[in-house]
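Just so you know, the sequences run in chain order A and B. In this text, residue positions in the first sequence follow the numbering used here: the first is 1, and each later residue adds one. In this text, residue positions in the second sequence follow the numbering used here: the first is 1, and each later residue adds one.
Rather than coming from a laboratory, the hints here were simulated on the basis of the structure. Misleading hints may appear alongside valid ones.
As the list claims (entries may be wrong) - Distance ranges between label pairs, derived from CB positions:
1. B:Ala977 with A:Pro46: 57 to 65 Å
2. B:Gly483 with A:Ala27: 42 to 50 Å
3. A:Asp82 with B:Ser685: 37 to 45 Å
4. B:Thr831 with A:Thr62: 41 to 49 Å
To be verified - Covered stretches of chain B (chain A as the covering partner; in silico rule of three or more C-beta atoms under 8 Å from a C-beta of chain A):
5. 155-166
6. 271-285
7. 811-822
Cβ atoms here follow ideal geometry from the backbone N, Cα and C, with glycine treated the same way.
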Amino acid sequence: MPDAARVLPLDGIAPLIGPALTMTPLAPCMRLILRGRAAAAAAAAPALGMRLPVLACRSARTGERAALWLGPDEWLILAPADDPLAATLAAALAGVAHALVDVSHRQSGLSIAGSAAATVLNAGCPLDLDHTAFPIGMCTRTVLAKSEIVLWRTGALAFRVEAGRSFVPYVWQYLAEAGREFG
Amino acid sequence: MSALRTPTGGRIDRSRKLRFSFDGRSFDGFAGDTLASALLANGVHLVGRSFKYHRPRGILSAGSDEPNALVAVARDAARVTPNLRATQVELYSELRAESQNRFPSLGFDIGVINDVVSPLLPAGFYYKTFKWPAWAWQRLYEPAIRAAAGLGRAPTLPDPDRYISRFAHCDVLVIGAGPAGLAAALVAADAGARVILCDEQAECGGSLLAETAATIDGWPAGDWVATTLATLAANPRVRVLPRTTAFGYFAHNMVGLNERVTDHLAAPPADLPRERLWQVRAAEVVIATGALERPLVFPNNDRPGVMLADAGRTYLLRYGVVPGRRVVIATAHDAAYRAALDLHAAGIAVPLIADLRQTATGDWPEAARAAGIRVRTGAIIATTGGRRRVAWAGVAQPDGGTIEPVPCDALLMSGGWTPSVHLFSQSRGKLRFDAEAQAFLPNLSVERERSAGACRGVFGLTAALADGAAAGEAAAKAAGHGGARAPRMAVTAKAFGGGGLLGPAAGTAAKHAFVDFQNDVTAKDIGLATREGFRSIEHVKRYTTTGMATDQGKTSNMHALGIVAAALDVPLPQVGLTTFRMPYTPVTFGSFAALSRGDLFEPLRRTPLHAQAVAAGAVFEDVGAWKRARYFPRAGEDMHAAVARECVAVRSRAGLFDGSTLGKIEIVGADAAEFLNRMYVNAWSKLGVGRCRYGILCREDGFVADDGVIGRIAADRFHVTTTTGGAARVLALMEDYLQTEWPDLDVWLTSVTEQWAVIALQGPQARDILAPFVAGIDLARAAMPHMSVVEGQVCGIPARLFRVSFTGELGFEINVPADHGPAVWQALMATGAVTPYGTEAMHLLRAEKGYIIVGQETDGTATPDDAGVGWAVARSKRDFVGKRSLARASMAAPARKQLVGLLTEDPNLVLEEGAQLVDDPTQAPPMRLLGHVTSSYYSASLGHSIALAMLSGGRARHGARLFVPMPGGAIAVQVTAPVFYDPEGARLDA
Chain A
1 MPDAARVLPL DGIAPLIGPA LTMTPLAPCM RLILRGRAAA AAAAAPALGM
51 RLPVLACRSA RTGERAALWL GPDEWLILAP ADDPLAATLA AALAGVAHAL
101 VDVSHRQSGL SIAGSAAATV LNAGCPLDLD HTAFPIGMCT RTVLAKSEIV
151 LWRTGALAFR VEAGRSFVPY VWQYLAEAGR EFG
Chain B
1 MSALRTPTGG RIDRSRKLRF SFDGRSFDGF AGDTLASALL ANGVHLVGRS
51 FKYHRPRGIL SAGSDEPNAL VAVARDAARV TPNLRATQVE LYSELRAESQ
101 NRFPSLGFDI GVINDVVSPL LPAGFYYKTF KWPAWAWQRL YEPAIRAAAG
151 LGRAPTLPDP DRYISRFAHC DVLVIGAGPA GLAAALVAAD AGARVILCDE
201 QAECGGSLLA ETAATIDGWP AGDWVATTLA TLAANPRVRV LPRTTAFGYF
251 AHNMVGLNER VTDHLAAPPA DLPRERLWQV RAAEVVIATG ALERPLVFPN
301 NDRPGVMLAD AGRTYLLRYG VVPGRRVVIA TAHDAAYRAA LDLHAAGIAV
351 PLIADLRQTA TGDWPEAARA AGIRVRTGAI IATTGGRRRV AWAGVAQPDG
401 GTIEPVPCDA LLMSGGWTPS VHLFSQSRGK LRFDAEAQAF LPNLSVERER
451 SAGACRGVFG LTAALADGAA AGEAAAKAAG HGGARAPRMA VTAKAFGGGG
501 LLGPAAGTAA KHAFVDFQND VTAKDIGLAT REGFRSIEHV KRYTTTGMAT
551 DQGKTSNMHA LGIVAAALDV PLPQVGLTTF RMPYTPVTFG SFAALSRGDL
601 FEPLRRTPLH AQAVAAGAVF EDVGAWKRAR YFPRAGEDMH AAVARECVAV
651 RSRAGLFDGS TLGKIEIVGA DAAEFLNRMY VNAWSKLGVG RCRYGILCRE
701 DGFVADDGVI GRIAADRFHV TTTTGGAARV LALMEDYLQT EWPDLDVWLT
751 SVTEQWAVIA LQGPQARDIL APFVAGIDLA RAAMPHMSVV EGQVCGIPAR
801 LFRVSFTGEL GFEINVPADH GPAVWQALMA TGAVTPYGTE AMHLLRAEKG
851 YIIVGQETDG TATPDDAGVG WAVARSKRDF VGKRSLARAS MAAPARKQLV
901 GLLTEDPNLV LEEGAQLVDD PTQAPPMRLL GHVTSSYYSA SLGHSIALAM
951 LSGGRARHGA RLFVPMPGGA IAVQVTAPVF YDPEGARLDA
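Next comes chain A alone, as it looks inside the complex (with noise of 0.2 Å):
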């Protein structure tokens, strides 16, 4: 039986180093949606180790695991791919109204960092990514050019960008393009 080597969609694209701008491609990480109500998040928080955000596009971490409110009934909850997260989340959750559904392979992206990345997010995106509009930690649903993209604030000049698997090949071109000026 042959070995099942994953194929990312960004496979064989080098990051891009440079003073101002770095961009990264993501390493295959679990990704789990949950949705439910109230109680499911409340089930759901000594599985994860942290509280659900509840806040609108705010964002929970603990260690390497993070938690992404995408909608009031929606988490994107990252973790290490060799994390035993679903198992033990699946039953802490059972007997609560909830969804879990595992989106590992269905997206994918990149970490985009410097003082140039929000100007180069916005040649694309239309929010505004000041700090006082979008404070680390905060994330939401928005739109990268004409691809839907997850948008998450990481570090005061650091963000990661999750966009639908065959979207990702376009998200780092158009980045890379908006990016050439800035080295």
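With chain A's structure known, arrange chain B on it following the hints.
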């Protein structure tokens, strides 16, 4: 260098000489020059030929309002930008510019014959002359007119430059960096607001750049500008954008800016975009766009050397260029006196100020007289003389009499100032006419904006600075930054007010008295239009083309209004005002396209198995944004041959197909089955875990919207598939119902379209081929019958394995997490037992089985019953989306179009999809149409052609002989059931 440069002064860098060429002749200029100022410094006034009459034209203005000096600037064959205003083109080393609209040369242009015959070319000439015959317009007249008239030519090569779009937000956007704009930005920034300040010129400062007399807070004006810009630059919350035109004002304070990034550079860095299109969303906007000086309307006012007074002054003071050695001033406004005094102070002869007003009193005229300049009031300019440059001005009384020729080599004129209200108007603000200012001024705002300075009729440096500061304070406060107070600035400057003249002075002849320089419209043309019955300015505009050139009538609109108002003897506001359209100045297409060109024009979606399809030699087709493998030709095969081979392979052995684009939604929750009951026409409660069902989704109107196989993974978990094109739409529809109609249901939706790579393995050998690769799955017929699903492992990868078929053969659809798709595909290909097939074969195979494609057999007006899938409708259910509509009598009418099959009597004839069906091909048109062909193929497996059709009362017509009328004659067909292959379905259940 040039005798036409002042010895000192101006903002040019005299240490940096730049060589450039105009029409092939080499000249020198300085860094800081525009092409216009550099040409003037070389004594070149003749820079273009007019649009219609090919009259020699010179530089009229010093800014974006320039109507005459349109040039093409070329870097190479692909980088040619036509129709640039020489007054805005910044000089760089080795700049190459060409004049336009002349043949064979600027000095000798045969098109000037149009001027000689101009009495034959009145307003509306084209409408009157080229009416007959109608066919000649398109073929003869229009091409000839377009070739003769016109502007520069666009390059035919693809644009090699890069353009970037940029979204930005701010508290206060200040448009215009003249005194009012700078003051507004300074105060708003001081209050803590996020500020964007843009200005269309290379340098910020506006009128202050040509200000040598005034002081602000004790600083000379130029130093104050530098200090202010340094203060703004040091503030990280402020962004200053020179060379940036606010070209359009859109809803909700979205303002479009066009930034020209590299056009001024001799060697633009490759990584810089040529232009940036900014879309700025501002909490508050301060419009500080200033005012434009108006020309005067008099005969031969378009002769090279005739220039706006303040433009002449700007060339002198900002660029150190002497606009003429002997300069006559003609004016209806005090502003020209300032120009006269500045010229006089620079040692330039000013033989006469001809003031059209009866009296000229006050500071400015008195100062001119005190300087010894002759002032003649109540005077008009009756004409000008000279060949390619003005040589004398003919000054006269309005009531006739002798013309006094005053020799000169330049004539500076001022008709007063027109506030630039275009952006305010685009924001849907309402203007009012101010009689004292003789101008339309902003009145009622709609957006969150305010005008400041000359653009709202506040003239004079002291007033403009104070107005700007107050606007900046108010804007910052409205945006939530109430901290600052507008400072009181100590200004020494002499002011002048509004007023001036609209239209020609009384007693002025209208012939060759140009109103719109760029479109060659004279006062006579506009007078003619009113005599011919045009009353509305919108009609006069279109009839005469005044104000319709690329300068949008910046220097002409108010004069045209004045002439029409006088001719009709009505108050000027009653004539109306034409619409200010965007863009304010022309914006390149490249800027609007920005990054969305070439590979980035649209996201191009590739499946996880794309590389494998490429390796197998696939030819792709576009399906929405997806690239799908259409067929896999081998050497020497065309599509027909490849598809035939692929179909035979599937029917006889096994084929491999990439179905990854299929829409997929995971529906989870205790009420999942109930939710599906309400959405789909089918019944779901009794579907067992591990079983699949073909589902039909209708809209509220009862017509088929989507279809797909739905598998029950667990009691509370369904794997729903949709059509490729319907994936997003179906998810949105479901989410809509869930959120608005049934929020009480315990069920949630998650799109998993891209989570899974889907590999369809179809054919009689499919089970045997797959068996070695699965673990934890019993493939036996009894354990895994047709329409079942099981979770297990394929190639060691966790998979959802469906036993489903869209081909009519024994088949599986292997769903593995997307990143693992290639490995599974390669493993199956490595068996050597499978043939990859594409969408074309897939379409043919399903048509042989009579399986519909939503959107091909259905067109949004087909019920499930029409489409031949009425068996799926669970009529006993209490309700489902579309049930009410399906109960209507008309939805069961026997004459509705129903799915049928068609067999041509000639088995080799393949019908055209979309062709119509009739029962009698000899009837006279329009024939009675009974239906149409929806799918049509040649079936290699069956050895004859097949077609599916939607036919009125079709199911009752099986066996009937109908006809498909075609240009080559009617084709006879026999109506059949829509299933051509294995109607018993034995192969599916193998």
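Hints versus structure:
A beta carbon spacing of about 60 Å between Ala977 of chain B and Pro46 of chain A agrees with the range 57 to 65 Å that was offered as a hint. In this structure the hint that Gly483 of chain B and Ala27 of chain A lie 42 to 50 Å apart at CB holds, the actual value being about 46 Å. Separation of Asp82 of chain A from Ser685 of chain B is about 39 Å and conforms to the stated range, judged on CB atoms against 37 to 45 Å. Taken as a hint, the range 41 to 49 Å holds for the pair Thr831 of chain B and Thr62 of chain A, whose Cβ atoms sit roughly 46 Å apart.
Coverage of a stretch by a chain is defined here by at least three residues with a beta carbon nearer than 8 Å to that chain's beta carbons; for the region 155-166 of chain B and chain A the count is 4, and the condition holds. Only when three residues or more bring their CB closer than 8 Å to a CB of chain A does the claim for the region 271-285 of chain B stand; here the count is 5, and the claim holds. Requiring three or more residues with a Cβ within less than 8 Å of a Cβ of chain A, the coverage given for the region 811-822 of chain B holds, as 6 such residues are present.
Checked against the numbered hints above, the structure breaks none of them.
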